[in-house]
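Visitor: Spelled out from the first residue to the last, the chains are:
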Amino acid sequence: MKDAKEYTLYNETVMDHFMNPRNMGDFQDADGIGEVGAAACGDIMKISLKIKDGVVTDARFKTFGCGSAIASSSMATELIKGRTLEEVKNFSNEEVVEALGGLPPVKIHCSVLAEEALKAAIEDYEAREVSKPAEKSEALSA
Amino acid sequence: MRSVYLDHQASTPLLPEALEAMTPYFTQAFGNASSLHRYGLQVRDGIATARAQVAALINAESPDDIIFTGNGAEAVNLAIKGFADANHRKGKHIVLSATEHPTVLGSVEYLERQGFTHTKVPVDKEGIIDPAAVREAITPETILVAVHIANHDIGAIQPIKEISAITREKGIPLFCDAVASAGWYPIDVQALGIQLLTLSPHRFYGPKGVGVLYRSRRARVTSHIHGGVQEGGRRAGTENVPAIIGAGVAAEIALRDLNERIAHVSRLQHKLHDGMVASIPYIKLNGPKPGPLRLCNTLNWSTEFIEGEGQLLLCDSNGIAVASGSSCVSKSLKVSHVLEAIGLDHALAQGNIIMSLGKDNTEEDIDYVIERFLKVVNTLRRMSPMWQEFEDGQIDSVINPRGIGKSFTQHAADVSGRPAH
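One line per chain: the protein sequences are A and B, in this order.
Each residue of the first sequence is one higher than the one before, counting from 2 in my numbering.
Each residue of the second sequence is one higher than the one before, counting from 7 in my numbering.
The set of hints was computed from the structure by calculation and includes no laboratory data.
A couple of the hints might just be wrong.
Think about it this way: if two alpha-carbon atoms lie no more than 27 Å apart in a straight line, the pair counts; the simulated BS3-like pairs of lysine-lysine are [claimed, not checked]:
hint: 1; chain 1: B; residue 1: K337; chain 2: B; residue 2: K131
hint: 2; chain 1: B; residue 1: K412; chain 2: A; residue 2: K120
hint: 3; chain 1: A; residue 1: K120; chain 2: A; residue 2: K90
hint: 4; chain 1: B; residue 1: K126; chain 2: B; residue 2: K381
hint: 5; chain 1: B; residue 1: K381; chain 2: A; residue 2: K6
hint: 6; chain 1: B; residue 1: K277; chain 2: B; residue 2: K131
hint: 7; chain 1: A; residue 1: K53; chain 2: A; residue 2: K3
hint: 8; chain 1: A; residue 1: K82; chain 2: A; residue 2: K133
hint: 9; chain 1: B; residue 1: K290; chain 2: B; residue 2: K381
hint: 10; chain 1: B; residue 1: K87; chain 2: B; residue 2: K167
hint: 11; chain 1: A; residue 1: K53; chain 2: A; residue 2: K90
hint: 12; chain 1: A; residue 1: K6; chain 2: B; residue 2: K214
hint: 13; chain 1: B; residue 1: K337; chain 2: A; residue 2: K6
hint: 14; chain 1: A; residue 1: K3; chain 2: B; residue 2: K214
hint: 15; chain 1: B; residue 1: K412; chain 2: B; residue 2: K131
hint: 16; chain 1: B; residue 1: K295; chain 2: B; residue 2: K277
hint: 17; chain 1: A; residue 1: K3; chain 2: B; residue 2: K337
hint: 18; chain 1: B; residue 1: K295; chain 2: B; residue 2: K167
Isolated chain A (complex conformation) (with noise of 0.2 Å):
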């Protein structure tokens, strides 16, 4: 029989991005902003983005949730950077649950919700952009 300090409830990829989040907090000065709910369990995530030239240069974080949610936001922030808002648009939550290892299948629609809040968060960033066109064709005149 195994000692039972060596059980966790997920794999060590789930518990290690769990119990040392990457990308956690935000940004002072963020490009787009995400907050999604799950309608299912209540859980609430946000990711803040900066974006420069059309790709994520950083991400990060926040969320309301259980250990799978954490997880998978802290996956997805780290998956996201360095990508075009148009591959972001792509994303899909299969890619947090893979790099993962696997999540249990009740704590799949956390990986969803993951990849709910980047696509809000760029949502976001579209529509700032778009609501700044003054600001834009100034920067294009000079």
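Model the placement of chain B on the given structure of chain A, informed by the hints.
Guide: Same frame as chain A, now just chain B:
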């Protein structure tokens, strides 16, 4: 690192005395209690002793009123379905409290598919049922009233004496599930006026694989496992003899040590309660405060702005074993029906943590838990968008409102596009 087990409502370690008594029944005393030779008679004698020991714990009229089953859930199923089967000609309505254990709720729901109806009596915000509401729920069709002695999640102790005065007056048997309370609370079925009662020995330092149904001769129960005459014909199948022997010893020691056990555990419960409330901001106790209305070994918390499973996992990584009734912990993604029944705000139900103490916990354990739990809460709050939004004044606290910002529940509904359940 210190290990602190605070999940005694899930299971308890076996008493060494119980293990010692059980051991010969695996190898030497291996006979079948139904056999008529000396091997059978030897085992039969052991089971009779255990039956008397369990009967004494709850002051049953006779050891014959004790039926051993495979576990607590089976005992509850037999109490409800077996009673309904034996008494359906008298009526097909059952009254029960809204916070019963899922085994009780599931058994009653099963009967609904067999043509029975039921009335769930609500509880107040501390989780206690009003006896007058039980009286109102009883109809001429009612054959059984089911109210647990104390709740498994929030520890609320029910006014069983007042309820049994009503059931006695109406001539309806009272079933009390005592799985959460036996061994932690004095139970006298005769004084309390209980006709059916269930308990689970592994919850008070007995073994798993055995449950107990007490049924007074005034409450008839028919078997749901057929094909043998074991347990007076109410539960066919070869008895789990070692477990029954262990259950008897655990019951005897529970009775012997009950006052001491309650005094020790409730002292720790007060210490843990007071320490948590003093050191952790925005935390709420669910159920009655430690004292006469609360089971001595449970504390059920809502930690605001963070979710329960994360708290459970971080506690586990600190060697502290706790439970949670948050939706993230349940396989159905639903918050505990008990927390719903006491009308707890959804956001608070999500932050649920359940600590249940035992006889081997110490004062040092409690100091450690208070110190570590604060760190767990701080770690998770740093990660939580809700905590930051609370600090920014966008959302308000339910536990200690400042009158600034919208409710967390409203915020959760806004960002998920659907009202929180």
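Visitor: Against each hint, give a clear statement of whether it holds in the structure.
Guide: Status of the hints after comparison with the structure:
no., hint, result
1, K337/B with K131/B, "25 Å, holds"
2, K412/B with K120/A, "25 Å, holds"
3, K120/A with K90/A, "6 Å, holds"
4, K126/B with K381/B, "40 Å, violated"
5, K381/B with K6/A, "20 Å, holds"
6, K277/B with K131/B, "24 Å, holds"
7, K53/A with K3/A, "50 Å, violated"
8, K82/A with K133/A, "25 Å, holds"
9, K290/B with K381/B, "17 Å, holds"
10, K87/B with K167/B, "24 Å, holds"
11, K53/A with K90/A, "16 Å, holds"
12, K6/A with K214/B, "22 Å, holds"
13, K337/B with K6/A, "24 Å, holds"
14, K3/A with K214/B, "20 Å, holds"
15, K412/B with K131/B, "23 Å, holds"
16, K295/B with K277/B, "12 Å, holds"
17, K3/A with K337/B, "26 Å, holds"
18, K295/B with K167/B, "21 Å, holds"
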